[in-house]
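Enquirer: Given the coordinates of chain Y, work out where chains G and P should sit on it, guided by the hints.
Protein chains in written order, with this note's numbering: chain Y, 1 to 505; chain G, 1001 to 1316; chain P, 2001 to 2288.
You may find that some hints are simply not true.
What the hints assert, rightly or not - Which stretches of chain P does chain G cover? Using the computed rule of at least three CB atoms under 8 Å from a CB of chain G, they are:
no., region
1, 2032–2041
2, 2071–2082
3, 2164–2177
4, 2200–2213
5, 2243–2253
Just so you know, these hints were derived from the structure itself, not from any lab. Note that the structure is predicted; figures quoted are calculated from it, not measured. Glycine is no exception: its CB is placed at the ideal position from the N, C-alpha and C atoms.
The chain contents come next:
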Amino acid sequence: MAQSPSLRLAAAAGLAAGALVLAGCSGSAAPTEPAGSPDADATLNVGLVLEPTNLDIRHTSGAALEQALIENVYEGLVARAEDGGVEPALASEWQVSDDGRVYTFTLQDGVTFHDGSDFTADDVVASLDETRSDDSTIGYADLQVIESVTATDDATVEVTLTEANQNFLFTLTGPAGVILDSDDDTDLATSANGTGPFSLASWNQGDSVTLERNDAYWGESAGVQEVVLSYIPEATALVGAGLDGSLDVLTGVESDLAPQLEGMFEVTEGETTDKFILAFNEQAEPLDDIRVREALRLAIDHDAILERVGAGEKLFGPIPPLDPGYEDLEGTVSYDPERARELLDEAGASDLTLTMTVSNTYPTYFSTLLVSMFDDIGITLEVEPVEFSTWLNDVYANRDYELSFVNHVEPRDFVSWTNPDYYYALADDDAFAEVQSLYAEAMRETDPEASAGLLAEAARVVADQHPADWLFTRSDVVAIAPGVENFPVASTSTRLDVADVTVTR
Amino acid sequence: MLRYAATRILFLALGLLVASALIFWALRILPGDVAQMIAGTEGTPAQVERIRADLGLDRPLAVQYAEWIGGVFTGDLGTSMLTGASVAAQLAAKAQVTIPLGAFSLLIALAFALPLGVVSAVRHRSRTGAAIGVVSQLLAAVPVVWAGLMLVVLFAVVLGWLPAQGFPRTGWQNPADAIRALILPSITIGIVEGAMLMRFVRSATLQALGEDFVRTGAAKGLTRTQSLVRHGLPAVGLSVITVLGIQIAGIIVGAVVIEQVFTLPGIGRMLVTDVGARDLTMVQGELLVLTGFVLVTGFVVDLAHHAIDPRQREHR
Amino acid sequence: MSALARLWRIPLGRSALIVVAVIAATALVSLFWTPFDPRRADAYSAWAPPGWPHLLGTDGTGRDILSLIMAGARITVTVAIGAGLVATVIGVALAALGALTARPVRESVAVFVDILIAFPVLLIAMMIAAVWGGSLWVVIWSVGVGYGVNIARVARIELRRVNRADFVLAAQASGLTRSQILTRHLLPNAAPVFIVQLSWSMAAAVLAEAGLSYLGFGAPVTQPSWGLLLSEVQDYITVHPTSVLWPGIAITLTVLALNLLGDALREATDPTLSRGRRAQTHTPEVIA
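Only chain Y is shown next, with the shape it has when bound in the complex (with noise of 0.2 Å):
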């Protein structure tokens, strides 16, 4: 039957509005967003896991005090976007010669640290030569490619390399990057006189962090009044805080309790460049026979540990997706025990015993799961949950472990495997070799897509190594309560810029 086209476009409207106005109102959860503006006097309750052990910027690593600190109250020339690339900060442009060794930052003007002393080039000359020439301070090794810094006037520094390196820019986005007052005596471990857009009001330790908006910022005034970083190591507590009102947002939320909180909050899910891995120490017996680590990996059912997890992604190799180089290695290992089984027998070692040393900061399941699961391949796990100073002391530092298991949340780190003495260095000298040179050249290139191109190669080579199995690459669960715009919600694990953030109740 035939039907006159306006009535046809009235049903196809209907239809349209009641689809809309039921999405509107679906149960889902979606909380409703408050009306009205932002309110610039509000104070930002953040709930996060893991408390700066130190404020010492320039002495104490860490991914806790970066996240609180970095981009907020500190800043380098440069910053770090959310996708993992580069952004201005104190340098508002930058010319890079073409032969890649010769960096010219032109520098923000009117920038002011938040004792009142004006910002200068000589600022910017004097943290990096501080940096490059004592060792004890973080970000040494990485400005060891600096040959020399000058200030061709108050408002340019010029930077020249020993050679090109890709990842300059980057390493001056970290700790290595960050400009302190050149006269300034504050003490690091408990204060802090940085240029950004938040000064530091107090440290509680054992409980929170809070910041102050800085009024006198060079930049765009910060959303909020007040920021309280709140840490709550407890899964439950945290969620409890959530749920009773005293936060705002919540990081690090674990998966299993995420579901109380949707309704309240907005939960969401972002990449990180944290990337869990069980390594293998190839120095110790058996496990410098490849077949064995690569049975290891054999035995590993994936899929079944993210069931578990929740929030993340399957990674079989050292670089994550937010890094440059980035490859989906899954071709490389599946989850076949019968096969590492054959290649145990294969190697003679079948029935091991091996010891895991794991972080005590981690939940449990990952350690039942493995033993369960290297159960079934004839390897007995024995686990040694161990505080996290004495993993970085046994394993980290003497390298006294068979197998490990941590989380490393720093992007861009697969120079890592370019350390002969790194807690997982690969064993095959040629592999070694193989990988150092395609790294130093990935470094030289000056062509960004080159160089990822030559960072997946030495990936892969690492991979083939099977000098560790990488678990997942973790997703940071965001919970964010209506009224909070501009929230960040990746790479939240390592930094944590809340400038643009805006409340309204």
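Expert: Relative to the frame of chain Y, chains G and P by itself:
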């Protein structure tokens, strides 16, 4: 009395000295390196050495011990190796949670144990007495961890009346919230400790019931209840004081576990974390304070006991 | 009639003995058979409710809870026996020293015991664990020492009491040495007291193991200690509240049985107790 007090003071001093020495020397054999932990995963050996020198870890042990003990007398327990915060200040801050927790627990334990203990003794042949006896046996067998978790399941998860974990970040600024956070933890410790105390009160009351002075009271024409109240209860009270020292030790121990269950930022939880983090100065200070508290309590209880009832020659 | 027969006559004693025997038997059986391999994890069957085939359900990694509880009994039994033995040996040794030696030695032993008693066992355990890492040995030794000194105090009184009995005086008169008197007369006659204390210290050991394993200073992660199971499910009680039931029930039942057994043993081995005194039950030292 004075001689007794002097002896006990000597014991106390000796105990504290032995405790401090044991704690200090034991902790210095720790594996793991605080300096390495501060330097972190990116730390180079040079950085680690610098930190170690800064913290004074490279000096002889005896020197470090002497310095620590000297500091104790001036109230300076040193600074945390990891954060530089003052140990004494941290202890004072965390005590804000642990001391009220302990106090509430003790009150609940007494309120629970005294009446029930006496009643169950007086009626030990009846069903009430037997029932109370059974319940107390059951409660005394419950691990304090589980008691806490079960109460959380009941009151926080199922009923939603009380917070499952945590203590308000603003501390005691909002007393109502702070007390709300301490209710479940104190009840947990109070009931488990109270169950043990109750059985002691029951024993003591039963003993009193069989004693001469109750019969004397009966001869004087007092009812059993009246003679019990006038003559027996003071004796029961004395016995309770005897065991109070042990009870308080038990509450401290319970607090260490319960603060973990309810994630309360108290001394106990700080101790567990610091032991793991190898923060030697913090752990030293915490263990010394906790052990010292137990020793001092024992000392006070001994004196009180002796003062109230000089007939007791056998200590405890 | 023998003490055991007397024990059997007491209703609570009978029940307690049966429960303890069942737990010990479970521990033994679990060495050979459990419904599932307690180590077998299956991420896709996590948090299953009680039913078939997992009678008590599964935990967060899909392990069968009934099998875990059965295997956990092994650890409980090991710690209870280990700590109980250590405590008794230390207690008897210290008591013997204290009761039978010359005055100066006796006094210093008494002082030593008095100082040690004040140290809460949990703190001792944490200190040892801080140095050598947590393990079941830490639990066994700290409970053993902590409870041992308690037993020493009780035992010293008992030994002195027996020391004054007629047959001992007779033995002394006939020229037996002190140590001979100790081994032939004192210890055997004081044995009932030791056995009662043994039962109570085993109960305390089970509680201590639960607490210490929960805190991370006891059983290793790969072994299914009941206390450890409690710490593993704690993070999830807001979404899986029933998971805390089973390990807790197991611990409480075991401790209750051992305590009641001690009480009943006391009644059975000392029939001279007055009715009033018999109603007095043991107040255990606080461990955790």
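Enquirer: Work down the list of hints and note, for each, if the structure agrees.
Expert: Evaluation of the provided hints:
1. Restraint check on the region 2032–2041 of chain P versus chain G: 0 residues with Cβ-Cβ distances below 8 Å, three needed, restraint violated.
2. Under a criterion of three residues with beta carbons nearer than 8 Å to beta carbons of chain G, the stated coverage of the region 2071–2082 of chain P fails, only 0 such residues being counted.
3. For the region 2164–2177 of chain P, the proposed coverage by chain G is not satisfied: 0 residues have a C-beta within less than 8 Å of a C-beta in that chain, short of the threshold of three.
4. Coverage of the region 2200–2213 of chain P by chain G holds in this model, with 4 residues showing a Cβ closer than 8 Å to a Cβ of that chain against a need of three.
5. Counting residues of the region 2243–2253 of chain P whose CB falls under 8 Å from any CB of chain G gives 6; the rule of at least 3 is met.
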